[in-house]
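We have chain W already, so just place chain V on it with the hints.
Chains as they are written, first to last, in our numbering: chain W, 1 to 182; chain V, 1 to 182.
Misleading hints may appear alongside valid ones.
Any copy will do: because identical chains look the same in the list, a pair fits if it lies in one copy or spans two.
[To be verified] Using 20 Å as the maximum straight-line C-alpha spacing, the simulated SDA-like pairs for lysine to any residue come out as follows:
hint, residue 1, residue 2
1, Lys18, Asp118
2, Lys130, Ser11
3, Lys23, Asn41
4, Lys84, Ile107
5, Lys56, Asn31
6, Lys33, Asp118
7, Lys7, Gln108
Honestly, the hints are just simulated from the structure, not real lab data. Small disclaimer: the values here were computed from a predicted structure and weren't measured.
There are 2 protein chains.
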Amino acid sequence: MKKFEEKTIQSQSIFTGKIISLKVDDVTLPNGKTSKREIINHPGAVAVIAITENKKILVVEQYRKALERSIVEIPAGKLEQGEKPIVTARRELEEETGYTSDDFEFIQAFATSPGFADEIIHLYVAKNLKKLEVAAQLDEDEFVELMEISLEEAEAMVADGRIFDAKTAFAVLWLKNNYAFI
Amino acid sequence: MKKFEEKTIQSQSIFTGKIISLKVDDVTLPNGKTSKREIINHPGAVAVIAITENKKILVVEQYRKALERSIVEIPAGKLEQGEKPIVTARRELEEETGYTSDDFEFIQAFATSPGFADEIIHLYVAKNLKKLEVAAQLDEDEFVELMEISLEEAEAMVADGRIFDAKTAFAVLWLKNNYAFI
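Only chain W is shown next, with the shape it has when bound in the complex (with noise of 0.2 Å):
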């Protein structure tokens, strides 16, 4: 899948964080002429519908700087170097919400933001959780609070603005797709 594709001529590199890092990209285009790409690289990340026996899904609220607000997601995290995302998945289920599960499955993944990014996040479903007897450790920048919500409550949440980010869009829209069948 290289349709239109723009050939690098030389790449810049501006700024590399703990998270993210920028380059700024030289490329021809497919008419021969060339333009400049902004481009962040991003590890890549997970989310995780975790589905309650009572068919509740857990979410979380936490403060987004880049948004200077707080907002409602599902369990997501950065990958670590090297780690598979089923790992990760695990993993910020536990760190987030207290509950594990060895009930995962793959549901999709998608890039977020292909216009100046290749974040890409691995979306899972975790049924028959189990609640962890000592709970895991949230990263120590990190701060969030549980909850679980119905359908409905998440659907009011899209309605009102809390939930108001893509992957727990996407979620709430699979959830009332799937109900039927989880």
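Frame of chain W; chain V shown alone:
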């Protein structure tokens, strides 16, 4: 919605580009400790689920340098400064597909990558499409191929990875949920 708010101690601008800019904020965490947040500012974008009279959707294939591959997406584009999302939505539909509409309905807005970016996508559905007599001009560094696909074809493209971004993944689920009503 300021739960777990992180107050800015200082903000350092790293890069200002054509499309995105990057800053690093020092913040005070809810427990009084400090941390750094790497933040991308983006003008925001729109995306359009454009439905033909045969209940197909319009999608465009385009190369995404960040991913180093081409993917199939619903028509989308960035807000110009001060532009209302509905105006961007009509413009991008016209530029990328050669169709226009007077029948736009707002579906939902979502943040694509709240962990590091403030990009928000405003999603619309457009019906009663009309072919433009004079095609609108794409941006000079933009190359897209238009396709008209059924829900079944869209689902096959999700399965084979040609549909691979969050807004289009959302659109396919939305279409599935609303197919009886459109």
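Now for the hints, and whether the structure bears them out:
Taking the shortest alpha-carbon separations for Lys18 and Asp118, both the intra-copy value of 16 Å and the inter-copy value of 18 Å come in at or below 20 Å. Proximity of Lys130 and Ser11 under a CA criterion of 20 Å is satisfied in neither setting, with 47 Å inside one chain copy and 42 Å between copies. Proximity of Lys23 and Asn41 under a CA criterion of 20 Å is satisfied in both settings, with 8 Å inside one chain copy and 15 Å between copies. With identical chains, the CA atoms of Lys84 and Ile107 are at most 20 Å apart within one copy only, with a shortest distance of 15 Å there and 34 Å across copies.
Within a single copy, Lys56 and Asn31 get their C-alpha atoms no closer than 52 Å, and across copies no closer than 30 Å, so neither meets the 20 Å cut-off. Taking the shortest Cα distances, Lys33 and Asp118 never come within 20 Å of each other, neither inside one copy (24 Å) nor across copies (31 Å). Taking the closest pair of Cα atoms, Lys7 and Gln108 never come within 20 Å of each other, the shortest separation being 28 Å inside a single copy and 35 Å across copies.
The structure does not agree with the numbered hints 2, 5, 6 and 7 stated previously, though it agrees with the rest.
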